[in-house]
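Dock chain B against chain V, hints included.
Which chain is which? The protein sequence lines are V and B, in order. For the first sequence, position 95 matches number 97 in this note's numbering, and the numbering has no gaps at all. For the second sequence, position 203 matches number 742 in this note's numbering, and the numbering has no gaps at all.
Quick caveat, the hints were computed from the structure, so don't treat them as lab data. Glycine included, every Cβ here is placed at the ideal spot set by N, Cα and C.
The following label-pair restraints were derived from C-beta to C-beta distances: (1) A940(B) <-> Y28(V): 44 to 52 Å; (2) L77(V) <-> T998(B): 50 to 58 Å; (3) W20(V) <-> L750(B): 20 to 28 Å; (4) P25(V) <-> A981(B): 35 to 43 Å; (5) P70(V) <-> V835(B): 49 to 57 Å; (6) A815(B) <-> L23(V): 33 to 41 Å; (7) P745(B) <-> P25(V): 42 to 50 Å; (8) A88(V) <-> N609(B): 32 to 40 Å; (9) P745(B) <-> A88(V): 38 to 46 Å; (10) P70(V) <-> I987(B): 52 to 60 Å; (11) N1063(B) <-> R26(V): 48 to 56 Å; (12) R26(V) <-> T1047(B): 49 to 57 Å.
With the C-beta cut set under 7 Å, the calculated list includes, among others, these residues of chain B facing chain V: (13) Y688; (14) V700; (15) G703; (16) L715; (17) L718.
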Amino acid sequence: MELVLSIAIGIMTSCGVWLILRPRTYQVIIGLSLLSYAVNLFIFGVGGVKANVPPILGNDDPSILADPVPQALVLTAIVIGFATTALFLVVLLASRGLTGSDHVDGRNEPK
Amino acid sequence: MNGWSHHLLVAPILIPLIASALLLFIDERRRVAKAMVSLASAILLVVIAFILFRIESGPNGFEGVYLVGNWSAPFGIVLVLDGLSAMMLLLTALLAVSALVFSLARWHAVGAHFHSMFQLLLMGVNGAFLTGDLFNLFVFFEVMLAASYGLLLHGSGPLRVKAGMHYIAVNLVAALLFLIGVSLIYGTAGTLNMADLAARIPEIEPDRRMLMEAGAGILGVVFLIKAGMWPLCFWLPTAYSAASAPVAGIFAIMSKLGIYVILRLTMLLFGEGPSAGFGAPVLLYGGMATLIFGIVGVLASQALGRLAGFSVLVSSGTLLMVLGINDGAVSSGALLYLVSSTLTISAFFMLIELVERGQDAGANVLAVTMEAYGEADDEPENEEEGVTMPGTMAVLGICFAACGILLSGLPPLSGFVAKFAMLSAMMGTGSIGVPPTAAIWALVVLVILSGIAALISMTRVGIRTFWSSIEGTVPRVLVIEIVPVMFLLALTLALTVRAGPAMQYMDTTIRTLSKPSIYIDAVNNALPIKGVKAGTEGE
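Isolated chain V, as found in the complex (with noise of 0.2 Å):
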């Protein structure tokens, strides 16, 4: 499981550091998203990876309960990242508007 769980954070996190260097502001705000899931996989990982068992609840043995920090971190970090994405989209498409070219520095690609 925690290979299965880096393979797809590694996967993820190159294939958004390919699509932010890339000169669409389409391919930059997708390489954003995937960098960000990868990132809330990567919080979750480091809190143990562990299947099927409950956060801290009751005076149960710790070592079979999952962390909560990581979880509360992730849904604090799900909800920023939202909210700066939305905004980042909105930028985007201004930036479209203004320029009429959706180059990340706003020129129109050499014919």
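Structure of chain B alone, referenced to chain V:
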């Protein structure tokens, strides 16, 4: 601190939050009402920051720990006030009032929700200065950044949208790195509370220590992006010079926020113990590279806005370098330099807009802005409001000269005092007490060179603007626009006159910072208020 004054600690976060929420309910057309609420909040912040500052500089020193939600330290959220954060809060509040007053002349009317975003920015900055917890640092950082995205785009226009898009993309990536760094630290140390983390670092076994240091390094990259260390700084001059003048004025504190966090975390986490000195060479050589890049940029800049943007880099580079040496006496000089240069750069950004108003380039940008926002018909009406400044060119010229003197570090203003304090400490009269090494010599030379570069550039631009201006049109400057600039410059003058007590304060601050145990004990010994049930925390 006890009784009601204890709760003052959370006020710098709550006041702007409440103000920004209130502002949303006031219609966009009622500009005077909006401006009054916003200004009242900023003035209240100055008062509170001043009270907190007085408490911190008092004989009792360090005792400002606030347990939000009344949970004891490693479990709940803590706010920590010490000399450094009290000073930064006061600096932020003073800059905020100046930038707000400046914006009332015309800038607050060129787009929607200026005041709400401005207050949210203040909330984020104040929260980041006060928090004692890495994850809350992330949250406050994001609050600040989200507000800054909006503020940078304030006034719109193709130039701002382009700069804003780059700025947002860079900062979104930085936010992701922040999360990776924080989660690596949590994964290895098992805590995110800064005091608890500092106490646990010596106990981390070597194989995990490497991972922890990697996390700290990734976290450091985020703050270095914010502070503008070369090669992470290419976005900065463009973004800052594209921002409208009052926004650029308050952005001056944001690059110092990066420096603040680096100073706080290196002193707290890597001050002593097995990880001592982690990252110091990066700061030293990175700072040098930044300073060189800044010097070249200052010399090469044609437009005033870019000159100011590169001055931010010069200031960051100097500070990073000095933090890299990690010597008490030099660092306290650097703190004085931090305050002085922030005031200067903020005043300079606002002054530039006034000076450029008389020139064609500046007027064009403004015209395009107004057109893009569709507010062109409001403009003539605005022009007639308020009192115009008599003897405009003379006053602008004097302010410009004062900025030049401050940036290049010439006597008699505080830029000189601060640089002198740093240089004399580096040259061996400080606590080093040994002959300076080659790296120190390089540093001294670079700091002096940066002063010369600023002097050359400012003289060149000054002559072109004030003495040999071809157009010869005198800009219309309102009193409420020049007063904030003069206020900030007067503060640097006050800093010069009261340099003795100021240096003493910086010395005490650095001494407290260099003993992490003071911070750790203060946080761990903070007791929840008895008789009050701890609140439930939730998302």
